[in-house]
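A.B. asks: Taken in order, these protein sequences are the chains called A and B.
Note that my numbering gives residue 54 to position 54 of the first sequence, counting from 1, and the numbers run on in steps of one.
Note that my numbering gives residue 87 to position 87 of the second sequence, counting from 1, and the numbers run on in steps of one.
No wet-lab data here; the hints were simulated from the structure.
Backbone N, C-alpha and C define an ideal beta-carbon position, used for all residues, glycine too.
Some clues are possibly wrong.
Stated by the list, open to error - Across the chosen pairs, the derived CB separations fall in these ranges:
id, chain 1, residue 1, chain 2, residue 2, range
1, B, Arg95, A, Ala27, 48 to 56 Å
2, B, Ala96, A, Asp31, 27 to 35 Å
3, A, Val76, B, Pro75, 34 to 42 Å
4, A, Pro75, B, Glu79, 37 to 45 Å
5, A, Ala34, B, Ala92, 37 to 45 Å
6, A, Ala72, B, Asp110, 16 to 24 Å
To be verified - Only some residues are given here: those of chain A computed to face chain B with a beta carbon under 8 Å:
id, residue
7, Val91
8, Ser93
9, Arg95
Claimed, not checked - Some residues of chain B that are not near chain A, with every Cβ distance over 10 Å (derived):
id, residue
10, Pro15
11, Glu79
12, Ala101
2 protein chains.
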Amino acid sequence: MPDVMRRAEVIELRPERAEEYRALHRAVWPDVLACLTRNNVTNYSIFERDGMLFSYLEYTGDDYARDASRIAADPVTREWWTLTDPCQRPVASARAGETWAPLVEVFHLD
Amino acid sequence: MPDVMRRAEVIELRPERAEEYRALHRAVWPDVLACLTRNNVTNYSIFERDGMLFSYLEYTGDDYARDASRIAADPVTREWWTLTDPCQRPVASARAGETWAPLVEVFHLD
């Protein structure tokens, strides 16, 4: 059984764009979802509270950096991001150039 | 196939107790884990960043409120919480009496 990599990330949701963000995510473009699936992203959720977005996903491939690059190069995904990026703002502690910022796993129970 | 309920929650990690919290979670008591499993909690992770703890779990039973009450009534779990509670502080927006505060799911891809 291949190991599953769990990844959690956080970003801020701009209050004035919050409803727009929610509406976009009630109808994510099928090609955006297909690109994620094709690149071994599964069980992917985004949660919201207090102006923060928290994402959780599982990666079932063998090279996350490669597949993340493929997702970032996908034309439909890039177009989708032109809609979602303006709704978000990196957390204060994000590194330069980072959008969603990763958390560290401190506990897991299968 | 039973529906899986996903639940994400947030709480603050007290900076002066952060290392203690991490150490506790590197060796969670087996009876605490067994109680979670017995009560239909699975794929449970806790992540940390910037003094915040985010949890993600999946619930495979048919009555989350009942099973959450059973977990909260378990003597070993209650003893465990006497160690972990002092490391945590509810977020400012938590309701009265709430410890971990739930997020709202805005997106999911299986």
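A.B. asks: Look at each hint and say if it fits the structure.
C.D. replies: Hints and how they fare:
1. Arg95/B and Ala27/A have their C-beta atoms about 31 Å apart, which leaves the hinted 48 to 56 Å range violated.
2. Distance hint check: the CB atoms of Ala96/B and Asp31/A are about 45 Å apart, inconsistent with the given range 27 to 35 Å.
3. At about 53 Å, the beta-carbon gap between Val76/A and Pro75/B misses the expected band of 34 to 42 Å.
4. A beta carbon spacing of about 55 Å between Pro75/A and Glu79/B contradicts the range 37 to 45 Å that was offered as a hint.
5. The supplied range of 37 to 45 Å is met by Ala34/A and Ala92/B, whose beta-carbon atoms lie about 39 Å from each other.
6. About 22 Å separates the C-beta atoms of Ala72/A and Asp110/B, a value consistent with the hinted range of 16 to 24 Å.
7. Annotation: Val91/A was flagged as interfacial toward chain B, and the flag holds, the nearest CB pair being 7 Å apart, inside 8 Å.
8. Annotation: interface hint on Ser93/A holds; nearest CB of chain B at approximately 5 Å, less than 8 Å.
9. A distance limit of 8 Å between C-beta atoms decides the matter here; for Arg95/A the minimum to chain B is near 12 Å, and the interface restraint is violated.
10. Every C-beta of chain A lies more than 10 Å from that of Pro15/B, the closest at about 14 Å, which supports listing it as non-interface.
11. A cut-off of 10 Å between C-beta atoms confirms that Glu79/B is not in contact with chain A; the least separation is 17 Å.
12. Separation of Ala101/B from chain A is inadequate, the least Cβ-Cβ distance of about 7 Å not exceeding the 10 Å criterion.
Violated hints for the displayed structure, listed by number in ascending order: 1, 2, 3, 4, 9, 12.
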